[in-house]
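Now for the letters of each chain:
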Amino acid sequence: MLRIARKEDMTGLRAVGVRIAAVLLALLASGLLILAMGYDPREVVRVMWSGMRTLKALASMIRIAIPLAMAALAVSIAFTMKFWNIGAEGQILMGAFAATAISSVLPEGTPGALRILLMALAGLAGGALWALPPALFRAAFRTNETLLTLMFNYIAIRWVEYLRCQLWKDPAAMGFPQIAPIPESAHLPQLLGVHIGWILVLVLAFLQWVFLRRTKKGFEVRVVGESEKTARYAGMTVGRVLLFGVLLSGALAGLTGMVKLNGTAFVLAERLAGGDGFTAIIIAWLSNLSAPVILVVAFLFAAMKQGAGWMEGLAGIPSALADTVQGLILFFALGSEFFIRYRIILESRHRTERKEAHP
Amino acid sequence: MEPIVEMIGIRKEFPGIVANDDVNLQLLKGEIHAVLGENGAGKSTLMSILFGLYQPEAGRILVRGREVRIQNPNVANDLKIGMVHQHFKLVHNFTVTENIILGLEPMVGLGALDTKKAAARIREMSTRYGLNVDPDARIEEITVGMQQRVEILKMLYRNAEILIFDEPTSVLTPQEIHELMGILKGLVREGRSILLITHKLKEIKEVADRCTVLRRGRVVGTVTVADTTEARMAEMMVGRKVSFAVDKAPAKPGAVTLEIRNLSVMGNRKVLGLRDFSLEVRKGEIVGVAGVDGNGQAELVEALTGMRRAESGQVLLNGTDITADSVRQRIRKGIAHIPEDRHKHGLVLDYSLEDNMILELYDQPPFARRGLLDREAIRPYAEKILSDFDVRSGKGVDSNARDLSGGNQQKAIVGREIELDPEVLIAVQPTRGLDVGAIEYIHRRLVEQRDGGKAVLLVSLELDEIQNLSDRIAVLFRGERMGLLEASATDENEIGLLMAGVQGKGGAA
Numbered sequence: 001m002l003r004i005a006r007k008e009d010m011t012g013l014r015a016v017g018v019r020i021a022a023v024l025l026a027l028l029a030s031g032l033l034i035l036a037m038g039y040d041p042r043e044v045v046r047v048m049w050s051g052m053r054t055l056k057a058l059a060s061m062i063r064i065a066i067p068l069a070m071a072a073l074a075v076s077i078a079f080t081m082k083f084w085n086i087g088a089e090g091q092i093l094m095g096a097f098a099a100t101a102i103s104s105v106l107p108e109g110t111p112g113a114l115r116i117l118l119m120a121l122a123g124l125a126g127g128a129l130w131a132l133p134p135a136l137f138r139a140a141f142r143t144n145e146t147l148l149t150l151m152f153n154y155i156a157i158r159w160v161e162y163l164r165c166q167l168w169k170d171p172a173a174m175g176f177p178q179i180a181p182i183p184e185s186a187h188l189p190q191l192l193g194v195h196i197g198w199i200l201v202l203v204l205a206f207l208q209w210v211f212l213r214r215t216k217k218g219f220e221v222r223v224v225g226e227s228e229k230t231a232r233y234a235g236m237t238v239g240r241v242l243l244f245g246v247l248l249s250g251a252l253a254g255l256t257g258m259v260k261l262n263g264t265a266f267v268l269a270e271r272l273a274g275g276d277g278f279t280a281i282i283i284a285w286l287s288n289l290s291a292p293v294i295l296v297v298a299f300l301f302a303a304m305k306q307g308a309g310w311m312e313g314l315a316g317i318p319s320a321l322a323d324t325v326q327g328l329i330l331f332f333a334l335g336s337e338f339f340i341r342y343r344i345i346l347e348s349r350h351r352t353e354r355k356e357a358h359p
Numbered sequence: 360m361e362p363i364v365e366m367i368g369i370r371k372e373f374p375g376i377v378a379n380d381d382v383n384l385q386l387l388k389g390e391i392h393a394v395l396g397e398n399g400a401g402k403s404t405l406m407s408i409l410f411g412l413y414q415p416e417a418g419r420i421l422v423r424g425r426e427v428r429i430q431n432p433n434v435a436n437d438l439k440i441g442m443v444h445q446h447f448k449l450v451h452n453f454t455v456t457e458n459i460i461l462g463l464e465p466m467v468g469l470g471a472l473d474t475k476k477a478a479a480r481i482r483e484m485s486t487r488y489g490l491n492v493d494p495d496a497r498i499e500e501i502t503v504g505m506q507q508r509v510e511i512l513k514m515l516y517r518n519a520e521i522l523i524f525d526e527p528t529s530v531l532t533p534q535e536i537h538e539l540m541g542i543l544k545g546l547v548r549e550g551r552s553i554l555l556i557t558h559k560l561k562e563i564k565e566v567a568d569r570c571t572v573l574r575r576g577r578v579v580g581t582v583t584v585a586d587t588t589e590a591r592m593a594e595m596m597v598g599r600k601v602s603f604a605v606d607k608a609p610a611k612p613g614a615v616t617l618e619i620r621n622l623s624v625m626g627n628r629k630v631l632g633l634r635d636f637s638l639e640v641r642k643g644e645i646v647g648v649a650g651v652d653g654n655g656q657a658e659l660v661e662a663l664t665g666m667r668r669a670e671s672g673q674v675l676l677n678g679t680d681i682t683a684d685s686v687r688q689r690i691r692k693g694i695a696h697i698p699e700d701r702h703k704h705g706l707v708l709d710y711s712l713e714d715n716m717i718l719e720l721y722d723q724p725p726f727a728r729r730g731l732l733d734r735e736a737i738r739p740y741a742e743k744i745l746s747d748f749d750v751r752s753g754k755g756v757d758s759n760a761r762d763l764s765g766g767n768q769q770k771a772i773v774g775r776e777i778e779l780d781p782e783v784l785i786a787v788q789p790t791r792g793l794d795v796g797a798i799e800y801i802h803r804r805l806v807e808q809r810d811g812g813k814a815v816l817l818v819s820l821e822l823d824e825i826q827n828l829s830d831r832i833a834v835l836f837r838g839e840r841m842g843l844l845e846a847s848a849t850d851e852n853e854i855g856l857l858m859a860g861v862q863g864k865g866g867a868a
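So the sequence lines, in the order shown, correspond to chains A and B. Those letters in the first sequence? Residues 1 to 359, per the working numbering, in order. Those letters in the second sequence? Residues 360 to 868, per the working numbering, in order.
Take these hints with a grain of salt, some might be off.
One-sided and incomplete, this derived list gives chain A residues near chain B with beta-carbon spacing under 7 Å [said to hold, decoys possible]: (1) 214; (2) 230; (3) 235.
No more than 30 Å apart at the CA atoms, straight line, and that leaves these computed lysine-lysine pairs for DSSO-like [claimed, not checked]: (4) 703(B) / 229(A); (5) 754(B) / 217(A); (6) 754(B) / 229(A); (7) 229(A) / 743(B); (8) 692(B) / 217(A); (9) 754(B) / 216(A); (10) 743(B) / 217(A); (11) 216(A) / 692(B); (12) 703(B) / 216(A); (13) 229(A) / 692(B); (14) 448(B) / 229(A); (15) 82(A) / 629(B); (16) 82(A) / 703(B); (17) 544(B) / 559(B); (18) 229(A) / 629(B); (19) 217(A) / 703(B); (20) 754(B) / 82(A); (21) 216(A) / 743(B).
Simulated from the structure, these hints should not be mistaken for lab results. C-beta atoms are modelled at their ideal positions from N, C-alpha and C, and glycine is treated no differently.
With the hints as extra help, turn the sequences into a complete structure.
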């Protein structure tokens, strides 16, 4: 008979070992998959590596990692409260939308720094407001936030599509359905070859860590996440804490949208979020919701994404394979969490008999 | 009398602990055999092995002289072993009959249920053993005491001869307990044999023939109940001399601190769980609230602490109305609360003790300044509580609450609440599931609070605890105050009648 029991204590080092083993197993499984598809895994590794080792490639990977890490930081705040915010994708888009909207009403001569600052504030607000309804519904009617935040993604995507094709269609684009790009003065300045979003990410990761561990509000957010009942017992207003945390989560996602817009995309379109809001969920989980780990894992995911592009270009291997590899890693990693926290006990009659023979 | 069950050299391990170690138990045909031990002594594990829920790592089981291997409860059933669990296994929207025949439904023709025949048989058995159960009633409509008798009928219906009762009295009023004891005696008179798991000595004295005492998974001894005093059995159970009476001087009550005026509170089922309840708690006294579980205790406590809204009535603290205040405001004004469920409410199990000790104070100076937590201030505060209240943990304040024993978890909570220096201390089931040592300790601290001039409201399902600690006792039945008694001028019988809803002389007090 199989039984599942909670494991008492696994030391940090062993837990890390299990996680590394999980990633290695995932890579092995990916290799087998590639082999089964008729490609040489060694060739794939060689091509992927060639796409990563130059400085330029490094810069490009960091550019990919920035929004991934920011969005992962965003969702991890909500996840800490066990509020399953699956809506980062939509919040990213609405942040970018709000930033574009502000930019479009500012006079042409607005200084770049001011324009960027206002757009960032708009991004924060846009993301927060988009996260607000699911939070309110949950607080008022105990609706399922997973479903609601997920659905809000699609509303956001369609809304931006509508803007692109109808309302904000750029007359200068000669009939092409496109929203006017943001002015060049709003582009994020570069530092060491990458836009300054990378500094922002480092600062945010640090702030998030301080927030959860060292502030009153963060303490509330964590207690609510661990046990709503205890939070109520201790006199915390659970609904208010929840709302605050979700708004913060949405705001960060919205800021991610603004950074993508002003850092790399420069034009609002529904593909701007590009799945980052979903990948962020995976990253946040794999990182155990820890800010420093999120930075590392986001970079690894960026490397994989970059390598996948190379794979398609140079070796003709469909980049969808990279998604599959990502999925495999997630599968193994989440599986390993199970084994870190629980153990499976195989209870057989034979064992009982053996022990009886030698008491 | 010949033995009907023999368990020899039983050993059962769980990760980290040996629950049963070389345990021998012999049940004679036609006897009531008590299995006595503190929480965690291994009583339930041993019975679960006999009922086929666990497999032992070593040892033999003989039933009617034949060695058997009880791999699952079906095997136990075939051996005519039945068990009444502490938490009943009944389907609430089924009738008594449907519950009893569940699993062995009698069929007529092609699968039509023949409940009539079963109901008739159940009615006949119910009369024979004086169980007084209506076969057609739905489980959700009958009292807990009757539900237990349904569980007994379930065993009898299956012709069980060896009956295991796991802490059967924890949900009953004193009168129901008395009835149950009568039923047990009737069953053994019919030739059945009973194993009674309990930690209550009084019950053992009342019905059991012999008693096997377990401590930390091992058998301390088996005694003949008639020749053994309660004190002796307690000593065997705990491993040292125990004093049951709580040492306390007469109360010197002062001014009224907590005043509850005509309080009515909605229960979970959208009906009033507490009706028109009034009570005063004065400085320097312990007022106990007695009652069977589910008679309005939860509603009362939640309305007092602010976790549930009052429909009508008022709660006053030192004369000021706090009925509309939030939980936090009440804590600030001096209401401390030792919650009934230390896991669900009292602690964040996966947090350090350090964090758990400031759950109510984290936003106050000196623990928080300008929104930031000050660990330098928090740590010594938590450390002081742990040392003052003798909380033993592996890694001091860094230990996770989950890793502590129940007694130490509870001591930590008691310490945290007392350290708030409250006006009123509301203690709900403060010693539930604790061993005797921890119980003594917590009782002493509560009396200490009283003697220090605090008002203490004690809500407990353990009548002994209420009687030992309280200066006055209010009794709850179906959400109403059935009586208010002076603890020194009442007895178990009077309280018990009130708990069962029989109006007594104390009603007007």
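Cross-check of the supplied hints:
For the restraint placing residue 214(A) at the interface with chain B, the shortest Cβ-Cβ distance is roughly 5 Å, inside the 7 Å limit, so the hint holds. Restraint check, residue 230(A) versus chain B: the minimum CB separation of about 5 Å is within 7 Å; hint holds. Checking residue 235(A) against chain B by beta carbon gives a least distance of about 3 Å; that is within 7 Å, so the hint holds. In summary, the hint linking residue 703(B) to residue 229(A) is supported, as the alpha carbons are separated by about 6 Å, within the 30 Å threshold.
Of the pairs offered as hints, the one joining residue 754(B) and residue 217(A) holds, with about 27 Å between alpha carbons and a cut-off of 30 Å not exceeded. Proximity of residue 754(B) to residue 229(A) is assessed by CA-CA distance (about 26 Å); at most 30 Å being required, the pair is judged to hold. The hinted pair formed by residue 229(A) and residue 743(B) meets the criterion: a straight-line CA distance of about 26 Å does not exceed 30 Å. With a C-alpha separation of about 22 Å, the suggested pair residue 692(B) and residue 217(A) falls inside the 30 Å cut-off, and the hint holds.
Simply put, residue 754(B) and residue 216(A) have alpha-carbon atoms about 25 Å apart, close enough for the 30 Å limit, and the pair holds. For the given pair, residue 743(B) sits about 25 Å from residue 217(A) by alpha-carbon distance, which is consistent with the 30 Å threshold. Taken as a hint, the residue 216(A) and residue 692(B) pair is honoured in the structure, with Cα atoms around 21 Å apart against an allowance of 30 Å. With a C-alpha separation of about 22 Å, the suggested pairing of residue 703(B) with residue 216(A) holds against the 30 Å cut-off.
The suggested pairing of residue 229(A) with residue 692(B) holds, with an alpha-carbon distance near 21 Å, which does not exceed 30 Å. A distance of roughly 27 Å separates the Cα atoms of residue 448(B) and residue 229(A); the hinted pair therefore holds under the 30 Å criterion. For the hint linking residue 82(A) to residue 629(B), the alpha-carbon distance of about 28 Å falls within 30 Å, and the restraint holds. For a cut-off of 30 Å, the pair hint linking residue 82(A) to residue 703(B) stands: about 16 Å separates their Cα positions.
As the CA atoms of residue 544(B) and residue 559(B) are separated by approximately 17 Å, the hinted pair is consistent with the 30 Å bound. For the hint pairing residue 229(A) with residue 629(B), the CA-to-CA distance comes to about 20 Å; that is within 30 Å, so the pair holds. Between residue 217(A) and residue 703(B) the alpha-carbon distance is near 22 Å, which keeps this suggested pair within the 30 Å criterion. Simply put, residue 754(B) and residue 82(A) have alpha-carbon atoms about 28 Å apart, close enough for the 30 Å limit, and the pair holds.
Of the supplied pair hints, the one linking residue 216(A) and residue 743(B) holds, its CA atoms being roughly 22 Å apart against a limit of 30 Å.
Taken one by one, the earlier hints all hold for this structure without exception.
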